[in-house]
Amino acid sequence: MKEFAYFPGCSLEKLAISYHTSTLETSKKLGVKLQELEDWNCCGSTTYFHIDELLAYTLTARNLAIAEKTGLDVVAPCSACFKNMFFTAAHMKEDPDLAEHINFALEEDGLNFSGNTKVRHLLEMFAQDVGPDEIRSKVTRPLEGVKVAPYYGCQILRPRKDHEEVENPRYFEDLLSAIGATPIEYALKMRCCGGSLIISSRIAALSMVRNLLQCAVDQGADMIATACPMCQVNLECYQQSVNQEFGTQFAVPILYFTQLMGLALGIPKKKLGIGKELVSASPVLAAL
Amino acid sequence: MSETYTFTFMKEVSSLLHAADGNPFPMCVQCGTCSGSCPVAAYMDYTPRQIIAMVNAGLKDQVMESNTFWYCASCYQCTVRCPQDISITELMYALQRYSIWKNRYKEGMIGPAFSEAFAKTIVRTGRTFEPILAPSYIFSFKMREFFQEIQNATELMLKGRLPILPPRIKRLDNFKRMIRRILPMGGAE
Amino acid sequence: MAKRLLIIDDDPDYVAGIKAILDKAGFEVEVANDPKAGLRALQTRPYDLLLLDIMMGRGAEGVMIARKLRKDTKLREMPVLIITGMREQIAFLFPGEPIHPGFVKLDELVEKPVEPSLLLEKVNGLLQAAEERKAVPQ
Numbered sequence: 158m159k160e161f162a163y164f165p166g167c168s169l170e171k172l173a174i175s176y177h178t179s180t181l182e183t184s185k186k187l188g189v190k191l192q193e194l195e196d197w198n199c200c201g202s203t204t205y206f207h208i209d210e211l212l213a214y215t216l217t218a219r220n221l222a223i224a225e226k227t228g229l230d231v232v233a234p235c236s237a238c239f240k241n242m243f244f245t246a247a248h249m250k251e252d253p254d255l256a257e258h259i260n261f262a263l264e265e266d267g268l269n270f271s272g273n274t275k276v277r278h279l280l281e282m283f284a285q286d287v288g289p290d291e292i293r294s295k296v297t298r299p300l301e302g303v304k305v306a307p308y309y310g311c312q313i314l315r316p317r318k319d320h321e322e323v324e325n326p327r328y329f330e331d332l333l334s335a336i337g338a339t340p341i342e343y344a345l346k347m348r349c350c351g352g353s354l355i356i357s358s359r360i361a362a363l364s365m366v367r368n369l370l371q372c373a374v375d376q377g378a379d380m381i382a383t384a385c386p387m388c389q390v391n392l393e394c395y396q397q398s399v400n401q402e403f404g405t406q407f408a409v410p411i412l413y414f415t416q417l418m419g420l421a422l423g424i425p426k427k428k429l430g431i432g433k434e435l436v437s438a439s440p441v442l443a444a445l
Numbered sequence: 005m006s007e008t009y010t011f012t013f014m015k016e017v018s019s020l021l022h023a024a025d026g027n028p029f030p031m032c033v034q035c036g037t038c039s040g041s042c043p044v045a046a047y048m049d050y051t052p053r054q055i056i057a058m059v060n061a062g063l064k065d066q067v068m069e070s071n072t073f074w075y076c077a078s079c080y081q082c083t084v085r086c087p088q089d090i091s092i093t094e095l096m097y098a099l100q101r102y103s104i105w106k107n108r109y110k111e112g113m114i115g116p117a118f119s120e121a122f123a124k125t126i127v128r129t130g131r132t133f134e135p136i137l138a139p140s141y142i143f144s145f146k147m148r149e150f151f152q153e154i155q156n157a158t159e160l161m162l163k164g165r166l167p168i169l170p171p172r173i174k175r176l177d178n179f180k181r182m183i184r185r186i187l188p189m190g191g192a193e
Numbered sequence: 024m025a026k027r028l029l030i031i032d033d034d035p036d037y038v039a040g041i042k043a044i045l046d047k048a049g050f051e052v053e054v055a056n057d058p059k060a061g062l063r064a065l066q067t068r069p070y071d072l073l074l075l076d077i078m079m080g081r082g083a084e085g086v087m088i089a090r091k092l093r094k095d096t097k098l099r100e101m102p103v104l105i106i107t108g109m110r111e112q113i114a115f116l117f118p119g120e121p122i123h124p125g126f127v128k129l130d131e132l133v134e135k136p137v138e139p140s141l142l143l144e145k146v147n148g149l150l151q152a153a154e155e156r157k158a159v160p161q
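Protein chains in written order, with the numbering used here: chain D, 158 to 445; chain A, 5 to 193; chain S, 24 to 161.
Looking at chain D on its own, in the form it has when it is part of the complex:
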């Protein structure tokens, strides 16, 4: 049985609560054990790096150290958390001075990070570590006929970790095919949703959301699947603002990929947090 340490991150506590519950339900069904980090702290997202990078690394290193104590690799469902954890671990490994300084600070909480914990994104964990074949074998209610736009977003893929494909990855599509859905091809699957620009540059962010929705709809998407709470909120909560701003009429449900997996695995909708979305997925899912 596969087992991982699990760092939910702040958004999954409330704003993206359905991502959290659907992750736990889906993992259980697939026989993956997730052990939530005890007493984790906020990773600082992207904004903390504007203030003090050393502290930003330290915040993330605390979570890494807590994960390391479990002896398991750690998985993060939020792309920003994932990026921060992945690169903090990498920087500490390549810069012993940095690691030493941060570990000196971690001592205050009785912690130490030696750099052995591997960091995975939840999507990578399901799509690559568990794998489409394993998932397909457990599907009881394939999502036949549902056209889903896989939305990778940014920080799962970028910056590049190694030599992996960053211009046209396919693992999200493969995962969607495994649960019986039809992944659609569209050009903006890795284009930025705007992230926190919705706060600092609203019109830019809204137009980015608009372009994404338009591109997915043009290719016939019934819904968009995301793998990051920030993407989900931008694409969903600001759809109405986009409509007001640009005179469009989007009503595209934005679900977490774990919710779709859960449905295909036969988990009841309520347990997956379906119904908590602002743009209802019921019309699309009713056809199933």
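No lab work stands behind these hints: they were computed from the structure. Using N, Cα and C, we set each Cβ at its ideal position, and we do this for glycine too. Among the clues, some could well be false.
[To be verified] Derived CB-CB ranges, DEER-like:
(1) S:Glu100 <-> A:Gly36: 46 to 56 Å
(2) A:Ile154 <-> D:Gly432: 16 to 26 Å
(3) S:Arg63 <-> A:Gly36: 31 to 41 Å
(4) A:Phe143 <-> S:Arg63: 39 to 49 Å
(5) S:Glu120 <-> D:Asp254: 19 to 29 Å
(6) A:Asn107 <-> S:Gly40: 17 to 27 Å
(7) S:Glu154 <-> A:Gly26: 33 to 43 Å
Go by the hints and put chains A and S onto chain D.
For chains A and S alone, coordinates are given in the frame of chain D:
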């Protein structure tokens, strides 16, 4: 004999970078792949390529007065495509730090206030808490945007997706002492 | 012989100012404008005193340098004058709270901007204290 150091704006900014060990600015060939890849370029005062050229030319005031680095969404598209392997996103972070430390930014920018409010919440509680962040930006919104935000918040609240009480971590005292080992402020070590 | 001082600070305007004051007072002054160059300089030749900014580069990188010095048997006796604009830079995180010195064995802290007379007083005081320590066999 003492070495002579000429400070240039380019050097100042490059010393704020770490991942790129050294000074990446002279490496830029001005190909514009970054600007072409940037999803926000159309809304920036200067594109990423222009900002790099301006830093190289020492145009500190114009760079600081621009919205470019505050409009960077950290999507790293420029970074993975740069043929010279310049981490342009990190460069934008460096400019943001420079701007916050020097307290110099274009008038009306929401980014700096938001970053500060965000950082404060983490330092105090170990967690973020969305409702406490809202005042850092919502009052600078125009009426229509303001009501869009309120409408969003209300809907999210009805769906049980907004936190009511600020979360905090359990070992907060340790956490605060940890922070003091990095940023030596507040109380004795 | 003139005392040799090293300034590690990434703020050119500020460095130009204090270097001029110290030059005029007869010190031999060298400058490193980033933490990495500063560490290299310290490892290459001896200095009588270091003037260290603590907010540079990635953030509080000067603190990282100070910690390294404290652990270095050779460098640990060198007096350090911490000069910092931290209050302006990130004090919003800790409103009303003091910056605490004590990074190295022998240090003092002044905040930017520094009065020329205060700067010279602190520099001379630290140099003198270091001399006295050297004179007393441990």
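| query | Failing hints, ascending? | reply | none
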